[in-house]
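Participant: Residue-level listing of the chains:
Protein chains: 2
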Amino acid sequence: MTVYDWGSHPPEFTVIQMELNKIIISENTAQQVIVLKESAGARAFPIVIGLSEAIAIDRNFKAQKTPRPMTHDLVENVIKGLDARLERIVVTDLKDRTFYAKLILRRNGKTVEVDSRPSDAIAVAVLMKVPIYVEERVLDDVISDPSPEPPDLAPDEDEEE
Amino acid sequence: MTVYDWGSHPPEFTVIQMELNKIIISENTAQQVIVLKESAGARAFPIVIGLSEAIAIDRNFKAQKTPRPMTHDLVENVIKGLDARLERIVVTDLKDRTFYAKLILRRNGKTVEVDSRPSDAIAVAVLMKVPIYVEERVLDDVISDPSPEPPDLAPDEDEEE
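Chains as they are written, first to last, in this note's numbering: chain S, 1 to 161; chain U, 1001 to 1161.
Next comes chain S alone, as it looks inside the complex (with noise of 0.2 Å):
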């Protein structure tokens, strides 16, 4: 298993690296699924996520180009108009069924975090082929979560809400 800690979280915790499994998209309906999978281990989570998020997922996994920047090359060339890079993303947070994520960026030795849905820093991450982190706790909460109704479809899509 792939572990990775870092600072600013106090005291310390623990990220797991994940692949993009799966993407289901279903041209009939606005919500779509993704899969992450493990790296190195066995359990797996889908997020449910907007139609144009993840037709964008699907794009960047396949390097499609197209004629003009979409939406999330322009979030890279952002990044690397301002001279940073991408390090990693990483789902931090499950509430109320819905999930968050953050951008990890590097700037001069300096860490930046940018909150984002996971959709979008999942579209990115697969762009810029950087690594995608699901912090312990929540790969855990999604995993065991007892409920009747799977947190797994927390939307990822609040263009829909």
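Think of the hints as simulated: they come from the structure by calculation, not from any bench.
Glycine residues also receive a C-beta, built at the ideal position from the N, C-alpha and C atoms.
Careful, some of the hints might be misleading.
For lysine to any residue, the following SDA-like pairs were computed, each having C-alpha atoms within a straight-line distance of at most 20 Å [unchecked claim]: (1) K95/S <-> K1110/U; (2) K1129/U <-> S1039/U; (3) K110/S <-> G1081/U; (4) K80/S <-> K1080/U; (5) K1095/U <-> P67/S; (6) K110/S <-> E1027/U; (7) K37/S <-> E136/S; (8) K129/S <-> F13/S; (9) K80/S <-> T66/S; (10) K110/S <-> E1076/U; (11) K1110/U <-> E136/S; (12) K95/S <-> I1143/U; (13) K1110/U <-> D93/S; (14) K80/S <-> D1115/U; (15) K1080/U <-> R85/S; (16) K1095/U <-> K1065/U; (17) K1080/U <-> E1113/U; (18) K80/S <-> E1076/U; (19) K1037/U <-> K1062/U; (20) K80/S <-> G1109/U; (21) K80/S <-> D1083/U; (22) K80/S <-> N1077/U; (23) K65/S <-> N77/S; (24) K95/S <-> F13/S; (25) K95/S <-> P1067/U; (26) K37/S <-> R97/S; (27) K110/S <-> N1108/U; (28) K1080/U <-> F13/S.
Over the 12 Å line for every Cβ pair with chain S, so calculated as not near, a few chain U residues [unchecked claim]: (29) E1012; (30) N1021; (31) A1042; (32) K1080; (33) N1108; (34) E1136; (35) D1140; (36) I1143.
Keeping the supplied structure of chain S fixed, place chain U upon it in accordance with the hints.
Facilitator: Using the frame of chain S, we list chain U on its own:
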């Protein structure tokens, strides 16, 4: 008429400030329309954009808040997180019926230009409350274009191509 000249594009050129004049969203079609109109004049032209960008522009124009950052909020958060600011956006080109734009960022007294589709640039401009400009020759082209199929139908939605 508000005009503005700046360096980096020799020898000199003029950009004209525009206002977001209309957002026309039709949920039944993939292509939506926004209209930019001269801030201090009568010239106006439409840009065809994608649905998710149109929804984003509309939401940002109405200053509607979402529980989590949407994709253009992510762009704003990256810009601010990296201690830069957005000065303005500029529609810089019209080629083969397709518009091109740039975000003009400033960081530590240095200007950084980032390529963008006009739809994303306008969504970010409306969100961050910065002026929208168009290069005068683009405005001249789009107003005077004598082709039977008007250039205002240049798609700003590469996903649909």
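Participant: Next, verify each hint and record whether it holds.
Facilitator: Each hint, compared with the structure:
1. K95/S <-> K1110/U: violated (40 Å)
2. K1129/U <-> S1039/U: holds (15 Å)
3. K110/S <-> G1081/U: holds (11 Å)
4. K80/S <-> K1080/U: Holds - the C-alpha atoms of K1080/U and K80/S are around 14 Å apart, at most 20 Å.
5. K1095/U <-> P67/S: Roughly 12 Å between the alpha carbons, so the hint for K1095/U and P67/S holds.
6. K110/S <-> E1027/U: violated (43 Å)
7. K37/S <-> E136/S: At roughly 13 Å apart (the allowed maximum being 20 Å), E136/S and K37/S satisfy the hint.
8. K129/S <-> F13/S: violated (24 Å)
9. K80/S <-> T66/S: Measuring from Cα to Cα gives roughly 19 Å; hence the hint holds.
10. K110/S <-> E1076/U: holds (19 Å)
11. K1110/U <-> E136/S: violated (40 Å)
12. K95/S <-> I1143/U: Distance ~51 Å between K95/S and I1143/U Cα, so the pair is violated.
13. K1110/U <-> D93/S: Roughly 36 Å between the alpha carbons, so the hint for K1110/U and D93/S is violated.
14. K80/S <-> D1115/U: holds (12 Å)
15. K1080/U <-> R85/S: holds (15 Å)
16. K1095/U <-> K1065/U: Answer violated: K1095/U to K1065/U is near 35 Å, above 20 Å.
17. K1080/U <-> E1113/U: holds (15 Å)
18. K80/S <-> E1076/U: Holds. K80/S to E1076/U sits at ~15 Å (cutoff 20 Å).
19. K1037/U <-> K1062/U: holds (18 Å)
20. K80/S <-> G1109/U: holds (17 Å)
21. K80/S <-> D1083/U: holds (14 Å)
22. K80/S <-> N1077/U: holds (15 Å)
23. K65/S <-> N77/S: holds (14 Å)
24. K95/S <-> F13/S: holds (18 Å)
25. K95/S <-> P1067/U: At roughly 12 Å apart (the allowed maximum being 20 Å), P1067/U and K95/S satisfy the hint.
26. K37/S <-> R97/S: holds (19 Å)
27. K110/S <-> N1108/U: holds (16 Å)
28. K1080/U <-> F13/S: Violated, at roughly 27 Å.
29. E1012: Check passes; 24 Å lies beyond 12 Å.
30. N1021: Check passes; 23 Å lies beyond 12 Å.
31. A1042: holds (29 Å)
32. K1080: The assertion about K1080/U is violated, with a minimum of 9 Å to chain S.
33. N1108: Nearest chain S Cβ is 10 Å from N1108/U, so the label is violated.
34. E1136: holds (22 Å)
35. D1140: holds (22 Å)
36. I1143: holds (22 Å)
The structure is inconsistent with the numbered hints 1, 6, 8, 11, 12, 13, 16, 28, 32 and 33, although it conforms to all the rest.
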